[in-house]
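Asker: The sequence shown begins at 362 in my numbering and counts up one residue at a time.
A couple of the hints might just be wrong.
Result set (DSS-like, lysine-lysine): computed pairs, CA atoms no more than 25 Å apart in a straight line [said to hold, decoys possible]:
#, residue 1, residue 2
1, K462, K519
2, K404, K375
3, K524, K404
4, K375, K519
5, K404, K519
6, K375, K462
7, K524, K462
8, K404, K462
Quick list of the computed label-pair ranges, beta carbon to beta carbon [what the hints assert, rightly or not]:
#, residue 1, residue 2, range
9, S496, S465, 21 to 31 Å
10, N402, H432, 20 to 30 Å
11, H432, Q468, 17 to 27 Å
12, T372, T430, 14 to 24 Å
13, A486, M433, 31 to 41 Å
What the hints contain is simulated information worked out from the structure, not anything from laboratory work. Since this is a predicted model, take the numbers as computed values, not measurements. Glycine residues also receive a C-beta, built at the ideal position from the N, C-alpha and C atoms.
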Amino acid sequence: MNKKTNLDQETPTKKIIDDVEEGINDAGTVFSTETEPLESNSKQLVRYLLWGLLSVVVNFGTFYILYHTIHMNYQVANLIAWFLGVQVGFWVDRVIVFHHKSNSAFQEMLAFYATRILTFLIETATLWIGISVLSANGTGSKLVGQFLAIVGNYVLSKFFIFKNRH
Numbered sequence: 362m363n364k365k366t367n368l369d370q371e372t373p374t375k376k377i378i379d380d381v382e383e384g385i386n387d388a389g390t391v392f393s394t395e396t397e398p399l400e401s402n403s404k405q406l407v408r409y410l411l412w413g414l415l416s417v418v419v420n421f422g423t424f425y426i427l428y429h430t431i432h433m434n435y436q437v438a439n440l441i442a443w444f445l446g447v448q449v450g451f452w453v454d455r456v457i458v459f460h461h462k463s464n465s466a467f468q469e470m471l472a473f474y475a476t477r478i479l480t481f482l483i484e485t486a487t488l489w490i491g492i493s494v495l496s497a498n499g500t501g502s503k504l505v506g507q508f509l510a511i512v513g514n515y516v517l518s519k520f521f522i523f524k525n526r527h
């Protein structure tokens, strides 16, 4: 692994991300002769998973506070949590994950929200089935819904919102 010479400017989080990316990139050359697309996809996936946790924490934390602490209706709590999580997710994905640069941030945000509506409906259905139909734990149902949303969101962001237009 390459060690940085100026450790004063490197944060512990950045170091962890760099180390994980470097390890994935090193493995990528073993499994494929086309290293550049694999490196790019691997780095994006690692960044999406690591930085995507921020929007999940905002979403889940908001839901938890509104549903469990304030005792708000679970669907209303989920809608508010979804909105805040999507807003954080847009900026994290655009700036950090996909390094997307364009002059159409507002148009991309509209498209981002449109794709997130689909995964919101999947998560809402998961909550309804878990809580209303199966009388399951709200937190467990939210975790299942979040997992399904994360997978769908990555695919939609990578291939529809922030795709490279070379």
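Asker: It remains to establish, for every hint, whether it holds in the given structure.
Answerer: Comparing the hints with the structure gives:
1. For the suggested pair K462 and K519, the alpha carbons sit about 14 Å apart, so the restraint of at most 25 Å is met.
2. Of the pairs offered as hints, the one joining K404 and K375 holds, with about 13 Å between alpha carbons and a cut-off of 25 Å not exceeded.
3. Restraint check for K524 and K404: satisfied, since their Cα atoms lie roughly 15 Å apart, inside the 25 Å limit.
4. Note on K375 and K519: the hinted pairing holds, with a Cα-Cα distance of about 22 Å set against a maximum of 25 Å.
5. Note on K404 and K519: the hinted pairing holds, with a Cα-Cα distance of about 12 Å set against a maximum of 25 Å.
6. At most 25 Å may separate the alpha-carbon atoms for a hinted pair to count; K375 and K462 meet this at roughly 21 Å.
7. This hinted pair checks out: K524 and K462 have alpha carbons roughly 11 Å apart, not beyond 25 Å.
8. A C-alpha spacing of about 17 Å is found between K404 and K462, which places the hinted pair at or below 25 Å, so the restraint holds.
9. A hinted range of 21 to 31 Å for the beta carbons of S496 and S465 is inconsistent with their spacing of about 45 Å.
10. At roughly 43 Å, the beta-carbon separation of N402 and H432 lies outside the given 20 to 30 Å, and the hint is violated.
11. Our hint of 17 to 27 Å for H432 and Q468 is violated, since their Cβ atoms are close to 38 Å apart.
12. A C-beta distance of roughly 32 Å is found between T372 and T430, which places it outside the suggested range of 14 to 24 Å.
13. Hint check: A486 to M433, Cβ distance near 19 Å, so the stated range 31 to 41 Å is violated.
Violated hints, listed in ascending order, are 9, 10, 11, 12 and 13; each of the other numbered hints is respected by the structure.
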